[in-house]
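S.K.: Turn these sequences into a full structure, and let the hints guide you.
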Amino acid sequence: MGTKTQSIWDIQIIRMALLDAFLKLSPRCQIRNPVMFTVYIGSILTTALFIQALLGHGEAPAKFILGITVWLWVTLLFANFAEAMAEGRGKAQALSLRKARREIVAKKLAKPDRKSKMTLIQSGKLRSGDIVLIETGDFIPSDGEVIEGIASVNESAITGESAPVIRESGGDRSSVTGGTQVLSDWLIVRITTNPGETFLDTMISLVEGAKRQKTPNELALTILLAALTMVFLVVCASLLPFSIYSVISAGSGKIVTMTVLIALFVCLSPTTIGGLLSAIGIAGMDRMIQANVIALSGRAVEAAGDIDVLLLDKTGTITLGNRQAIEFIPIEGVSVGELAEAAQLASLADETPEGRSITILAKEKYGLRGHELRELGATFIPFTAESRMSGANLSGKQVRKGASDVIETYVQEQNGIFPAQAHKIVEQISSKGGTALVVAEGRKVLGAIYLKDIIKGGISERFAQLRKMGIKTIMVTGDNPLTAATIAAEAGVDDFLATAKPEDKLKLIRSLQAKGHLVAMTGDGTNDAPALAQADVAVAMNTGTQAAKEAGNLVDLDSNPTKLIEVVEIGKQLLMTRGSLTTFSIANDIAKYFAILPAAFATTYPVLNKLNIMHLATPDSAILSAVIFNALAIIFLIPLALRGVSYSRVSAGKLLRKNIMIYGLGGLIVPFIGIKVIDLILMSMGVV
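Per the working numbering, the sequence shown starts with residue 7, numbered consecutively.
Errors might be hidden in some of the hints.
As the list claims (entries may be wrong) - Here are the simulated BS3-like cross-link-like pairs (lysine-lysine), alpha carbons at most 30 Å apart as the crow flies:
1. Lys450 with Lys438
2. Lys507 with Lys478
3. Lys513 with Lys462
4. Lys369 with Lys430
5. Lys131 with Lys121
6. Lys462 with Lys507
7. Lys682 with Lys616
8. Lys664 with Lys474
9. Lys403 with Lys430
10. Lys478 with Lys569
11. Lys664 with Lys569
12. Lys478 with Lys521
As the list claims (entries may be wrong) - The following label-pair restraints were derived from C-beta to C-beta distances:
13. Thr385 with Ser466: 41 to 49 Å
14. Arg649 with Leu230: 19 to 27 Å
15. Thr385 with Gln471: 50 to 58 Å
Since the hints were made in silico from the structure, they are not lab data. C-beta: ideal position from N, C-alpha, C; glycine also.
M.R.: Here is the structure:
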């Protein structure tokens, strides 16, 4: 999908948004926003009043009613345009994703065996549970789980990353996504989704906003704005009988017109934030997409702004996921070269990542080449989970490599003795948080291989950033406490939970939530799924299993565990943007009272002219200026709604003061200046 950031004012998006702004004028679209729906009704009423004025029965000059009517429709169009701009960026992303979706001819197998009967079938006809074979150059027809094989897969169509990834059966890297391509080797995959339900289909729907639901905070604010709107509606409606009574009882003055009351209502209602609220929420989801994170729930985006505890699975999240050989440690009387050669020979039939790392270390550090050893006619013994050992037989020489207890048993069976020094080396490696594999030749122990979990680069710095943001990091792992402590110290996490089973992770999250914490978790394995489902914010790695992705409410396409920093910042930015614009809108409405209230009732109560502190030219000019400013405020705030308020790591108190000073005070001052400038322009043009 890529992480290229689109310009807010992309010409193609603007064109689409302008068209959508008019299409959204339908009642079905307008009724979804209670605040703007009342403006919609007001616009229809003033349009009718303008037509009535043209027929010679107007309550006010047709020119004045036309000015109010036009700017009320413009207010609606600007609000629609803001929402359409936010949606347009998602639609552009969806368009690029659709290009990745293609109709693929799948090789459906009768059973999970590469040699079983094969049927060619269109990918759109595949169902959950079907078995397919994907070979070199083939595109993966649908989402699934690898049940056999190992292959290099190009996922750039989804992640935007050009580097291929390894997918293999078992473990936490068995999930494959439809539309990606196998570059080498082959896979047998069990399809896990039905047509129209793939991860790519879900992504397209989400980024277009087709399935976007309002978040709890957004719903609460919508209800509040609707309540305020109803209050102002009742107040403005009650002003007409007061005006009639005052004119009749005083025997002078003019009754306030319906056009003026509608203009008064629109200016006093929270139309600024009402017009931008939807755009703010959509833009927050879009910023997630720009960060290569698919938000399956808008609530998760909001909650991310408030989390204070982060749980991280160790394997594949903090570490690279596979232990790697970093050192050969021989016992006394054995050279390092001799140990390395034997270790490499014993690892040539070990296809695990650990086995491959041993042969690579021997080659890079000691110049040993595997193909030269193969030419010696050795018989190789492959590694299996049951034997926990691999090896080779060569010219009467037997070389074995495996777990220390397995090799100890093997040596004793050869009438050999497992030396105390070997035990000591194993204990030393374990004390450093590593894993020891022992190498023996016949009944002679040669030494040990130091396997180490490799911490992902730059991760400790990222955890330091999370700490500054007030987020505590906890590593959860199935490793023993000694290994867990070593990894935790190296990675820089605040705490760890060792020997953790899935139920332990779940228990820890519930315990933290019971204490009032908002908990986030990142994970990639099936065993992480229960905890991901329980967490307030659950970031599933795209490289992880289907179960993990289904349990999470955010999916990180880059599979970067520290992506949560960006997720938190986007969540906080969303909350700050909504709060800032709400503050500005309320302050803005208060300032408009001073412009429009005296003008609206100057004909009924001439004494109110003394409250014209802005010295606006005429009552009609004051009202029209306020309506125009009300519309323009929305369009000028669209960039802020789409980009979001800049996030800075400050305390809540300082943030509140800054919010009030900038957006509160600004919302009070700007209308005075804006309305006065518009009034001067209208008078110079002779409009009123």
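S.K.: Against this structure, judge whether each hint is valid.
M.R.: How the hints compare with the structure:
1. Taken as a hint, the lysine 450 and lysine 438 pair is honoured in the structure, with Cα atoms around 26 Å apart against an allowance of 30 Å.
2. Note on lysine 507 and lysine 478: the hinted pairing holds, with a Cα-Cα distance of about 21 Å set against a maximum of 30 Å.
3. With a C-alpha separation of about 27 Å, the suggested pair lysine 513 and lysine 462 falls inside the 30 Å cut-off, and the hint holds.
4. Restraint check for lysine 369 and lysine 430: satisfied, since their Cα atoms lie roughly 27 Å apart, inside the 30 Å limit.
5. The hinted pair formed by lysine 131 and lysine 121 meets the criterion: a straight-line CA distance of about 22 Å does not exceed 30 Å.
6. Straight-line distance between C-alpha atoms of lysine 462 and lysine 507 comes to about 23 Å, which keeps the hinted pair within the 30 Å bound.
7. In summary, the hint linking lysine 682 to lysine 616 is supported, as the alpha carbons are separated by about 17 Å, within the 30 Å threshold.
8. Between the alpha carbons of lysine 664 and lysine 474 the distance comes to roughly 20 Å, so the proposed pair stays at or under 30 Å and holds.
9. The suggested pairing of lysine 403 with lysine 430 holds, with an alpha-carbon distance near 26 Å, which does not exceed 30 Å.
10. For the suggested pair lysine 478 and lysine 569, the alpha carbons sit about 15 Å apart, so the restraint of at most 30 Å is met.
11. The straight-line distance between the Cα atoms of lysine 664 and lysine 569 is roughly 28 Å, inside the 30 Å bound, and the hint therefore holds.
12. Restraint check: the Cα-Cα separation between lysine 478 and lysine 521 comes to about 14 Å, which is no more than 30 Å; the hinted pair holds.
13. Between threonine 385 and serine 466 the beta carbon distance is about 45 Å. The supplied range of 41 to 49 Å therefore holds.
14. At roughly 24 Å, the beta carbons of arginine 649 and leucine 230 sit within the given window of 19 to 27 Å.
15. Checking the proposed 50 to 58 Å range against threonine 385 and glutamine 471 shows it holds: the Cβ atoms sit about 53 Å from each other.
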